[in-house]
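Engineer: Chains as they are written, first to last, in the numbering used here: chain H, 11 to 516; chain L, 159 to 407; chain V, 223 to 351; chain A, 357 to 850.
Derived by calculation from the structure, the hints in this document are not laboratory data. Hints are supplied without guarantee of correctness; some may be wrong.
Claimed, not checked - Derived BS3-like pairs (lysine-lysine); straight-line CA-CA distance at most 25 Å:
| hint | chain 1 | residue 1 | chain 2 | residue 2 |
| --- | --- | --- | --- | --- |
| 1 | V | K253 | H | K175 |
| 2 | H | K168 | V | K253 |
| 3 | H | K175 | V | K351 |
| 4 | H | K175 | V | K258 |
| 5 | H | K168 | V | K258 |
| 6 | A | K802 | A | K722 |
| 7 | A | K797 | A | K662 |
What the hints assert, rightly or not - Estimated spans, in silico, between C-beta atoms of each pair:
| hint | chain 1 | residue 1 | chain 2 | residue 2 | range |
| --- | --- | --- | --- | --- | --- |
| 8 | L | S292 | H | G47 | 17 to 27 Å |
| 9 | L | R245 | H | A514 | 24 to 34 Å |
| 10 | A | I424 | H | G67 | 38 to 48 Å |
| 11 | H | P240 | L | V179 | 29 to 39 Å |
| 12 | V | V231 | L | H288 | 32 to 42 Å |
Remember, predicted model here, so these are calculated numbers, not experimental data. Just so you know, even glycine gets a beta-carbon here, dropped at the ideal spot from N, CA and C.
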Amino acid sequence: MMDQTPVFIIAIPLFASLLLTLIGPLGPRVAYGLLIGALSLSLGASLATMVRVVQTGQAIHYYMGDWLPPMGIELVIDHLSAAVLVMIGVCALLSGIYSMHTAGQDNHDRLNNYYALFSLLVTGLLGMASAGDVFNLYVLLEISALASYGLLARGGGKAYFATFKYLVMGTIGACFYLLGVGYIYIMTGSLNMADLADILSRESLQESVSIRIGFTLIILGIWTKMALFPLHAWLPNAYSRAGTATACLIAPLMTKVSVYIMLRMMFTVFSADYIFNQIAWSSLVIYMASAAVVLGMITAFAQRDMRKMLTYIIVAEIGYMTGGAWLANTAGYTGAVYHILADGLMTLSLFMAVGAIIYRTGDTSANAMQGIFRRMPITAAVFLIGAASIVGIPPTCGFFSKWYLLQGAVQAGAWIFVAALLIAGLMAAIIFFRLLEAAFFGNLDDEGLSVGHSAPHSGTGAVQMREAPLTMLVPLAVAGAALLGLGIYTNEVVTYLIRWSVPAGF
Amino acid sequence: MKPFARIILFLCAVMMLTATVDLPDWADPGSPASTHLSPGFIEQGYHETATPNVVTAVLADYRSYDTLFESVVVFAASLVVMLVLRRTSTGTSRIKHFRPKREGRDTILRGAAQSIIPVMQIFALYVLFHGHYSPGGGFQGGVIFGASFILLSLCYSLKFAMQRFKEKMVLICCACGALLYAGIGAVCLAMGWNFLGYAGLAGLLGVTDVMARSHGILAVEAGVGITVMAVMVSLYYDLASGGDMEEGL
Amino acid sequence: MDEFFFFIVAKYNYWASLILLFIGLYGMIAKNNLMKKIIGMVIFQTAILIFFVSIGVKWGASVPIIRFFPDKQPLLDATAYANPLPHVLILTAIVVGVAVLGVALAILQNIQRIHGTIEEDEILEDMRK
Amino acid sequence: MFPVSFYQIAPVIALCASLLAVPLIAVSGRHPNLREFWTFAAAALKFAMVLSLTGWILAGNVITVDLINVLPDISIQLRVDSFGMVFALVSSFLWIAAALYTVGYMRGLAEHAQTRFFVCFALSLCATIGVAFSGNLLTMYLFYEMLSLSTYPLVAHHQDREGRGGARKYLTFLLGGSVGMVLPAMIILFSLSGNLDFADNIYGGIIPQGTGNLLVTILFVAFLFGFAKNGIMPMHAWLPGAMVAPTPVSALLHAVAVVKVGVFCTARVMLYIFGIDVMDELNLGVAAAYIVSFTIVTASIIALTKDNLKARLAYSTISQLSYIILGVALLTPSAVQGGLIHIVNHAFAKITLFFCAGAIYVASRKKNISEMSGLGRVMPFTFGAFALASLSMIGAPPVGGFITKWYLLVGALDAGQTAIILVLLASTMLNVAYFGPVTYKAFFGKPNDSISENPKIKEAPLIMLVPIVAAAIISVLLGIFPHIMMQFVRMVTT
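Work the whole structure out from these sequences, hints included.
Structural biologist: The following block contains the structure:
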């Protein structure tokens, strides 16, 4: 008998999602409780799996329906997927807890259905991170995509058009992926990742044009999904117009998991040798990544709306990870993987902090930041940590991912990427500095106004402290602490998780 | 932008078409796809699952994990469409103006529907349950079953169909079908086999492992059928009425 | 010339599906009307389905349903049946396509309701207001 | 003496004393006396810990403490050696003096947000000790950044347009330098050598043999200018801008924490990362010496033109800092000793000067030198201290600055750099030219009406006066008994 933990990671949120649709009449509290319970159990299973993977040092293979691969479908949880699973679990749980007030605000009715989609999205992401079969990955990709369309469209108004664009691009991406899988299937006859890797390493297929086209299609599809420059146009509108609870779930996770799929495809299905010696696009991709990093940051700089600014920063961060993965050395790969974890947490804490500020002020523009340090000190502190992490200030985790990425870029001699990373760091510093300065001191010209605005019910002092509700504050604080914790325990993360997943051939 | 897109697409097309050189010929029995996994399915599938229809065996057993999520995909679609569209009547819908008025003048239609719908539903059940032996299965059966309700709604009215098959019930069916599928997986898990390992049902049903797989396939196909049927109806209800459930097409 | 002709004929399934695919992709990218975009999307998806299902075909093979000899023994010869796996895959892909189509239509209805049009340029104009 | 295990803990306690004080200060914001008590307690504890290490260090030991392994090959590591000890002693002692003075200043002017001020003050001191005790480049970088961020609210303390502008400039230069130059240089260095630990002596460095000369030069330049806190032109522009901060902050920034950290980092990197041998081989030392010579002379000339006392002091700081780097860059033992001892001498002298400027402002609300004519008669102690500290800046015996000049000149002679000798002499002249008139006018100038007619102007409060006089006296003592600090500095070069 096998250890059954891996399947619980996925099955629990799946069951929760199905049950959530059935328990509508029981009211939002039950729905919320069920969601949180399921997400925590799933996270527990992820943690248990990770511990086992780390202890045994071997990937866990779970055969669905007791069919051995390649005929059956297997879940494969190796060091990389274990790390990503835990990251997804943590982010989902935190944003789930956080969603109590904001989701209710956005969904007066049908909260249970909203939560069902929420849970389904998490199922899809967890499934993708543990998939060992390329077609299964496609189905899960579509599940999470469908769920995200629904959640994003809940933003209403302009969100519909943005979601439609996202839907079109997402479908193109997923279909390209599927077509690529088709090419690979034609040439190999298999769908299992390990089996594919085995077949693809044969001499005869190394030169094959079809395999190359299949790889190109898969990578293009994934790039569309993860909004790599210049395929990023759909992302900022779609994410920034969503409701707060939705944005907090989707923004940190969707693109990160896509990056994970890219890594999977590049290094598990194909091999580092094939990609960097046969395909040999590295320099082109690094240019694209550098462009993504710099242009993403510049565009973020031009935004007034805070959430839109954050979404452009996501575009830039995607460039970090893509560049790191294509640097073709251990440090770059480590940086890319570490940044998946770090960026998930960073984006989560920033979106949650901004969401809390919007929740309290009702203002999405940068003006809302004024005097936040005095009114919402904890929120502001987490925002500060998140900003420091994006800028790359030790000991937050953003510094260490940048460290590895820069190291990888230096070793690979990719000076353009080094320059892009440094410029992006400085740009991010400026972007966040503007906000934080306002947050710290309030606006010069209308200090009184911003203070008065914050005190709807009369308080004793001139400045009324009015933090977000506790269900928002706790996940915020945890996310902020996790940013520091991940930074401080970089050594452990790298030694026990990432080093093991470094592909052969580096 | 448009000429640009055209040129890029054209170039891509030329590139990909010329690259077909490498691909195996049409219907080549020696192609990798036909020689790697598929012989395994064909030659072992019957012995392992007692299901002559290999497609069904692969769909609902070897790759049942995929199919589970496939039914979840449609379930998700119905949820999304409902969340996006469904709202209690708000009065001004611009779609309404284009709808023909139907006030009991379509006797022929209704008569035809009356006679065809029961047949359709029986046929749907046949397709579903005969999936082991002939082309068919949960999806096909579910779609046909769902179509019968759509036909009902088209020939009578949305309200009429909704009286027969209430919106709440549709949603419950959506979830229950998928739940049945996943639940069977969970039962197998509880019996000490892997998730969706239908052989775990053998002890419960008192049959051999192979027959248990066959029964398992049937059960999950039923689950898929229920979900797909309900989703078809749900999508129609929402899309046809623009979400207010006042009037269909 | 003959060779080229045979090349086309031998691989006409790919040609057909790829041409269809690019027609659909063109519609998705270049069309201004969102409904046409959706139609393009469906063509695009269908092309991929055709592409997939054409892999399963084998000369001299029938549908992958095991046939029985008169003595009830099954005929388990792999060359006698078409490849079942692509069928399974496209069955899943069809369902996914339907689901996406439903969602797209639902969103489109709301776009029409909010912006009063489904022409992309008019929507963009409307949003700028 | 203490048990050996004590020496493993003491640096950590010294580091954390002020960090622990932060929450205590923050929660006792409503009780100023309690709040100030925590500050003093932390300062005293920190100084005691640093002091307790002196004997052990002087005995030739080096303490290394691994705090956390953040990266597989690099840990956050504390290392206490004689070089760091010099700086730690100065900064931890001056924190006590500065804290005393700050209390007087802040209460005297009834400044706002005092709690925030003390919190940031404590944080920045933690970072300073961290830099002094850091065992590798990453640790140093970490504390360097922490210092930049924790001093930002101090610089922007007034929160007016000018304050925020200055603070913005401050952060732009510091972060630009550190993120834009030091970080990549550090990573390139790590890629080259595989570790970032400081070398055991000042000669070898850690750059592996056979590294391209151009690359080493680029790294050197990046480190030299990247540590923008050291005020080398053209990265000095933040310094006058940061003048808008309250005077205790200026004192802290320019005498103890910020600029000294910049210079300390530069010197640390030059001596323990590149090493004298490499710098000598590639002529990097000479190049650096000329770069800083330019800064010395130019900054002094600019200082001459400034009428605002604090601005003049700021440019004086820029020029004096370069002395320290100059000493290190000359690469001869005497020069290095002269440069390093100047960290101490300049710290005490400059903090005196800033304290005086602050005292003058608190007592008379005067900022410009031209308005201070005759003020020395009303405030004799303040201006007396000012005069002593000026002498130290100029390098006249018996004040500490003389020791610096002496060693620097000897070092320059050893190195055979005539031009540098001329620079030092010119700089001395300029120092006289811009410090002399201040004291002279204050004591012998004709009091203008606003001073003579305003009976309210008298000596600053005692709590401010004590640190001023104490710092000035220590400045003198450093000149009379130079060997106290010189023994640390000598250990560096042997």
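Engineer: Output the numbers, in ascending order, of every earlier hint that fails for this structure.
Structural biologist: Checked against the structure, the hints that fail are numbers 8, 9 and 10, while the rest are satisfied.
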